[in-house]
Structures are given as structure tokens and as C-alpha cells.
Amino acid sequence: MSEMWVNMGPQHPMTHGLWNLRVKIDGEVIVDADPEMGFLHRGIEKICEYRRYNEVVTLMDRTCYVAGLSWEHVYLMAVEQALGVSVPARAEYIRVMSHELQRLASHIMWYAAFVQDIGLMTPFLYGMRDRDLILDLLQSYTGARMTYEYMRVGGVRNDVPVGFTDRCRKVMDWLEEKIHDYEALCDRSDIFLKRTVGLGILKAKECLDLGVTGPMLRAAGVPRDLRRDHPYSAYPELDFVIPTHDGADVYGRYRVRMEEMRQSIAIVRQTLEWLDHHPGRVLAEKVPRFVGTPTPPPGRESYILRRGYPKGRGFAAIEEPHGEALAYVINEGAEHPYRVKFRSPVMVNIAAAKDYLVGYRVSDIPPIMGSVDICVGESDR
Amino acid sequence: MTVTLYDVAYWLSSHLVALATGTSASNLPGGPWTTAAVALAWLVTGIIVFAASLVNTLILIWWERKLLGRFMDRRGAMHVGFAGLLQNLADGLKLFRKQVFSPREADQFGYYLAPTAYMVTSIILLGFLPVSTGFVGGSVPLSLLLALAIFSFAPLFIFVGSWSSNNKYSLIGGMRTAAQLVAYEIPLLLAVVSVVLLTGSFDLTTIVMDQARYGWFWLPLILGLVVFSVAMLAEMERIPFDLPEAEAELVEGWSTEYGGMLFAMTMLGDYVRGLVGSYLIVLLFLGGWTLPGPLAPLAAFPLGGIVWFQIKTYLVFGVFIWVRAALPRVRTDQLLQVGWKRMLPLSLANIVIAAALVVWGWPHLTWPAL
Amino acid sequence: MKAEEVVPRLQAEFPSAVQSVALRPGVLARLEVDPGSIVPIARWLRDQATFCHCSMVGGVDWVERREVLYLLWSDEFRTYLEISAWVPGEDPHIDSVSGVWRGAIWHERETWDLVGIRFVGHPDLRRVFLPEGYEFHPLLKSMELHEPEELEVKRRHV
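Here the protein sequences come in this chain order: A, B and C.
By my numbering, the letter at position 122 of the first sequence is numbered 122, and the numbering carries on one by one without gaps.
By my numbering, the letter at position 81 of the second sequence is numbered 1081, and the numbering carries on one by one without gaps.
By my numbering, the letter at position 71 of the third sequence is numbered 2071, and the numbering carries on one by one without gaps.
Keep in mind the hints are simulated off the structure, nothing from the lab.
C-beta atoms are modelled at their ideal positions from N, C-alpha and C, and glycine is treated no differently.
Hints are supplied without guarantee of correctness; some may be wrong.
To be verified - The calculated lysine-lysine pairs, modelled on DSS-like cross-linking and capped at a C-alpha distance of 25 Å, are:
#1 K354/A <-> K205/A
#2 K2141/C <-> K205/A
#3 K354/A <-> K1168/B
#4 K1094/B <-> K194/A
#5 K46/A <-> K354/A
#6 K1168/B <-> K24/A
#7 K203/A <-> K311/A
#8 K354/A <-> K24/A
#9 K203/A <-> K24/A
#10 K24/A <-> K178/A
#11 K1094/B <-> K1066/B
#12 K1168/B <-> K178/A
#13 K194/A <-> K178/A
#14 K2141/C <-> K311/A
#15 K194/A <-> K311/A
#16 K2141/C <-> K46/A
Stated by the list, open to error - Pairwise CB distance ranges (calculated):
#17 D2034/C <-> E183/A: 43 to 49 Å
#18 H180/A <-> E2135/C: 53 to 59 Å
#19 Q139/A <-> P1294/B: 58 to 64 Å
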């Protein structure tokens, strides 16, 4: 059979979003791949330049719809560096807890979507069921289930409600038990192992060359996790390990994410313990406020320093559920950021598609691309 | 010779014709009148079989949704009708109301032919599968052979539909179907051969009666049951062998381009095939509508046979649903490997066992009555 | 080599190319380098200073000139290094570092797409997010935000 290009996307069950994977297939074997993105590009970086610093938080939830709080966190860390704001310790702990809850929710969502890709329907619903508990938790203190708009420059909007920590502990206990179920459903299934082991191999050397980060990199045996290697927020005081795997394949990524969920539960428990004993402010007292016109006048004048913030640049890096997320904020003293630049781990991981797809079969595309954990809102921004 | 549905229908129609012409039913005037009586009888039989298959399919889908829901820690359909029994009817009506369309570049004839023929060949199968003593659409001496022959029509129409859809996903799905069905047709037929060896008949009623007399065949032919069930799973295109419509990679497989009622027809065809597959397993290996040993009189009530037959069928289908809830999908090459390298030798071994039994004088071997 | 030795040795290696060094929180240092010698510097950093991971390439429009930002990560030093190169606003271009880190290919495509900086020697400089044939580079300051209907977007070539 001659070779042909197949468009897998932009509306295709495998994509989990809105992007297009063009693959060239020879019969069932993939000989070339060319991911195509931008279907969900909303120009968030541009819109950021027209919003005040706190207003950008709204956009951050829309950046990644399964890990909104992580993006709020990385953006605000960069902004706080750019504006010279310090954050109260309690707010840092609440941020870390939110971040880890978000990582749990994201990983469970990933698990659900991933097993669905290889035809397992039951764990999909188990995953959605358990993710709902985390969303309930998040809702109880942020007020929303998906677009939280919770963090603020200088801290977080409000403290957690009374009794939250106990409720959260219960959910963590439940989840810890359920993660065993997830593993039992997959690890003991021969078909699952046949569909995942040795597939989509991307060795450590290629990962580093291609800039692939996150669980994909750790599954290749490189123990890089910015929570430990480039510590931020309250992570230096917390105790956790970085799971790695030697397989560099789909199964390895699955194993790494499963272990990460356990670590996240451990981190959440530690933060809950801390929060129980350290009441205090959750928003910095002195946050520079800019009193100016809400919309900038046309032209560049709007960016000239009038009054308010000192000029500065902010840079922050976090370990998002999908990988390394960077935010770079340039503050020219106006009420709006001059430039906001994000690094999306998902975009880089998808961009490497050719390297881990070529040579495998069409049937392997869903598990392989599923193991990347795609969130198109984040890669397209 | 048992009385079939057709015989009953003919009896009725011939009396109607006799009433109309003023002669006796046993002595029709011949010519167009006789033809009319035969045609009427066939029509009535066909309508009954069609209605039965529709009702059965609806219940089967309901059963699948409920059972799957329970496996997944949810409730399944529950709002329309008692326990959601009418939900599928509502879904069907919704599909029925939708516009019938075809892609501009598609081959119109093949596009419309494929789901129609797929559904019709599936429903025809129900016409001569006995569901109880005498409850069979038409009496065919070689009903097992005919059933399997018609059963293997499906890949042809699937391929026609996939090719005329003019869609790459459809085409890949269609080709996978062809490869898969060819690979599993052989172990399927070889598993059937073992049953035929033991009974010496291709007539399903005889096969069931033999089982009632000498014990169900699942015990001596356990290997055959396994091979037949796995191959049937592949023929039905259900998880773990639902590659032709693997939704994660091929969108919806060969039926990607179908919508509305055409899609409902492919869906109906799928479930009727599922039903037929479960029927065949019950008929060939699980004693049909009979019950073992001391329970046997329970099946002798009027319509009792049908009840037991349906219960057995749904239980068998429940196993398939269970498999669907528990297993992921295999890959094409793995599927073909299982088909050629595992199923084929196993089915041959099964034939050897059956042949050995026959050599040892199978019918007169006194197997413990099950 | 230790982390604090990286910048002095880089300065010694490329005395004229490294224009300024600033210390900033979060990164090892912020270097401003000559855009003409970005590729040798990148290669040196990768091979000699273990900056194996090109984390981000970005662009900033400063109207009369543009800034290309590189953020590099070293697993050994566990720190980022920020490199910035200034290119003129008229026909902004710089040598591509995609030959040094393959991961830069998509970052550079994105920078070309959004900020309009051309990367010389890039293997595949297509748009990433915006349709091919689109005239604008949206993150330029000359682009004001419009209501969506005011922009005439050409149909994406399929």
C-alpha cells in the first residue's frame, strides 16, 4: 500500500482538544508525523498586555483548563518578583496545597483519558468520580470548579474554610486507596501491558535535546523536578521524592504519574498539617496599587511609567502537572504588564511527536499521544 | 418435523384465503391465490421476526447500559420508562427523526446499500434460529450452516460501506474488519465442526435435542466453547476486539460517515449480531432452551423454553459486557496473532477431542447428566 | 566547572560578544550578548557548561528594536541562565539555535509567529498558531487589540 497523509484532528477523539496530528502512514506503520497547532490560540499573551496584573489571573485559568491553579501560581510568582511583592507564608502553603490538589486532579483526568484511549472504559469513570471529589474540595474554598480566579498578587483571595483540612484529609485517604484500584485495573491486565510497554520510546538524550519535560522526562530516567531542583513557594520545607522510571515508554509515563499522585497526596497532607497550626494572613499587606485609567490610551504612551510600580522583570518556573512551566513578566511601571511570556510544556512535548511516533502503528497513536498528557488550551494559549 | 412460525402463519393465511374464495384451506384453488397465501405467510413471519429482533435488541442495549453502568459505579439509563427501559426507544426515535444525508464525494449506491444490507442480513439470521421447540421462523435442515454463511456476509457490506464513504478512517476501519473477520472466521467454523461431529447434524433443533439427551456440549467441548466465544467476540467487533471501530484512533471506524437512521441501522446490525452470537453459543454449547437434569420440567411449560433461552442468552451477553468493562482494546497485529497462532491450534485440538469422543462411541458414552 | 564560574569563563571565551551581565533572582545571571555570536555561545554553553535544556525562546517588541530571550537550564547547576540579544526593529533576524538544541525549533517558530523575529538557518520556519499567510505578528506593539470582527482573517489553507 502506498503512503498517505492522514489528518488526525482537529476534531478527532485522540486529540483531547483541538489540534491536528498529521501522520504519514504506510499501511499501518507511521513514517512521518507533523503536529499542527493553533486551533485554540486566543492570544492570551497579547490580552495580558491589556489587563491589570490581577485581571490576568482570570486568563490563567483559561490557559490550562485542567490545571488552572498551577498557571495562576506561576504567573503570580513572576509578577510578584517583577513588582517586588512578598507573600505571607500561609498563602504560600495554601498555594502549594492548591497546586498539588490541581496536580492530582490533572493526573486523574489524564489517567481517565488515557485508559479511555486504549479502550478501558471502567477506569475512565472511576477517574472522573474521584476527580470530582477534588473539584469539590477546590470549590469549597475557591468557589469554582474549573476557573478558580483564586490567587492574587501578594497571596490568595481568601483562607480555607473551617473544617476544610479534615475534609481534605478524608478525600486524600480515599484517593490513596483508589489509586491502588487504578493500578490494579491496569498493571494486572496483560492487554494493557501489551499496549503500553515499549511503546513511544523517547530516551533521556532525546528528551533533553528536544526540551521535553515533566513526567515524560522522568519516565526516561532523568530525575528533574523543579519543585526540588529549583525550589519555590513552600516546597523547600516539604518532604517528597521524585519518582522516575527507566522504560522511557508509555508504561513508564503511566508509572511515573501514578507515583506522583502518591507524592502529591503526601505533600497535601504535610501542608494541611502546617495550615492547622499556623493561622495568619493570606494576602500581603502592602500590595502596590496602581490608580490609573482602566484602559490604556492608544499608542505606546500607556506603557510609560506614570506612578505605581517600579520597573522590573519577573521570572518564575514551576513544575506543572504536564512539565516545566515558565512565566516571564516585564513590568514597565504601568498598570498593565508590558510583556508576558509563557512556556508551555505541552507545546514542546507535542512538538517532539515525530521522534516518538515514527516506527509505531496507527493503533499506537492514542496510547502514545495519550501518555503525553495534552492540554491544548495550554499549548496554544 | 416441528411446527414452525411459518407453518402457523401459513395455516392462518391459507384459512383467510379459503374464507375469501369459499373453498377449504387444505384445497386452495391454486394459482394466484396460493401465491397470495404463501406471500402473506412469509410477510407475517417476517414482521414477527423483525419485531422480535427489535424488541430483543432494545432489551439487549438496555441490559448492556445497565450492567456496564453498575460495573462503572453508576446507574446507567434510569429516567425514561421503568428503570430506563424505554431510553433506547427514545434514542432510536431521535435518530429516526434526523436527516438522512450522504457525503458529497461518497458513492451513493454503496453508501446507502451497506448499512441496509448489514442490518438486513443480521436480522435474516434470526429467521431460522430456533428459540424453543417449534419457535423458529422457517424450518431449514442445514440451519447452522446457513446461519454461519449469512453471518459471514457482514464484512463484505462493511467493506462496501467503508469504501464508498470516501473517508480514510472508514477505509482503514473497513480493511481492519476484513482482516479481522477472515482471521476469526476459521476458528469459529472449526469450533462448530466439533459440535457437528458429535451430533452428526447441521440442524440446530437436533443439536439442542441431542444436548438435552446426552448432556450439554460445554463440558466435553470446553475448548470449543472458549474458542467459539473469543472468535464470536471478534466477529461482533466488541472490546477487546473492536478495532474496526476503535474510536480513539479511527473516530468511529467504518461507520464514521454515517449519521441519523443510517447509523442507527449499523448499530442495530451490531447488536443483532451480538444477539445472534449469544444465541449460537447457547444453542451449540449451553443446551439451548432446555434445562439440565431435575430442572428439565421447568422448561416444558408453555413458552418456558423461550424464557430460559432468553435468560441464558442475556447471561452469555452479560459476560461479553463484563469483558467490555474490564479489558482494553488490543492492537491489530496482536489481534491477528491471537487469531492465527492461538485460536487456530486450539480449535484444531478441539476437533481432535471431538473426533476421539466419536471414535469412542460418543452418543452412547454415558456422560453424567448435567 | 562550578555554577559561578560559568559567566566569567564565558566572558573570557567570548570577550566581545558578552555585552553585559546582571544578576537577577531566579536565574544564575542575565547576559546580554551580541546577536551575531549567539550560536557559538549557545554551543559553548551546551557543551562546556552543561546547559543541556533550552527551556524557552521568546521575543519582546521594544518598538525601535526587539529583544530575543533565551532561558537555559542546567541539570548540573540546577539553575536557569537568561540570555538576551537585541536585534534591530527593521528586519529583525538572528541566527537560529535550533542546530544546538532541537527543542528550540518550535520556540523559534512561535517567536517568529508572534513577534516576527526571523531565525536565519531555521529548518522549518512556519507559523505555529496563526494561519500561514497571515500578515501580522500579533505581539508587536503596533498591533492594537481589536474586536474580533474587525480583523479580516484569511481562510486557513487546508
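We went through each hint and held it up to the structure:
Of the pairs offered as hints, the one joining K354/A and K205/A holds, with about 15 Å between alpha carbons and a cut-off of 25 Å not exceeded. Of the pairs offered as hints, the one joining K2141/C and K205/A is violated, with about 39 Å between alpha carbons and a cut-off of 25 Å exceeded. For the given pair, K354/A sits about 21 Å from K1168/B by alpha-carbon distance, which is consistent with the 25 Å threshold. In summary, the hint linking K1094/B to K194/A is not supported, as the alpha carbons are separated by about 39 Å, beyond the 25 Å threshold.
The hinted pair formed by K46/A and K354/A fails the criterion: a straight-line CA distance of about 30 Å is larger than 25 Å. For a cut-off of 25 Å, the pair hint linking K1168/B to K24/A stands: about 12 Å separates their Cα positions. With a C-alpha separation of about 42 Å, the suggested pairing of K203/A with K311/A is violated against the 25 Å cut-off. Among the hinted pairs, K354/A with K24/A is consistent with the structure: their alpha-carbon atoms are about 10 Å apart, no more than 25 Å.
Between K203/A and K24/A the CA atoms are separated by roughly 23 Å; this keeps the pair inside 25 Å, and the hint holds. Restraint check for K24/A and K178/A: the C-alpha separation of about 40 Å exceeds 25 Å, so the hint is violated. Using a Cα cut-off of 25 Å, the hinted pair K1094/B and K1066/B holds, with the two alpha carbons roughly 20 Å apart. At most 25 Å may separate the alpha-carbon atoms for a hinted pair to count; K1168/B and K178/A exceed this at roughly 40 Å.
Distance restraint check for K194/A and K178/A: the Cα-Cα separation of roughly 23 Å lies within the 25 Å cut-off, and the hinted pair is therefore satisfied. Proximity of K2141/C to K311/A is assessed by CA-CA distance (about 18 Å); at most 25 Å being required, the pair is judged to hold. Distance hint between K194/A and K311/A is unfulfilled; the C-alpha atoms sit about 56 Å from each other, more than 25 Å. Taking the CA atoms of K2141/C and K46/A, the gap is about 9 Å. The hint holds against a cut of 25 Å.
For D2034/C and E183/A, the Cβ-Cβ distance of about 53 Å falls outside the hinted range of 43 to 49 Å, so the restraint is violated. Between H180/A and E2135/C the CB atoms are about 56 Å apart, so this pair conforms to the stated range of 53 to 59 Å. Evaluation of the 58 to 64 Å hint for Q139/A and P1294/B yields a pass: the beta carbon distance comes to about 59 Å.
The structure is inconsistent with the numbered hints 2, 4, 5, 7, 10, 12, 15 and 17, although it conforms to all the rest.
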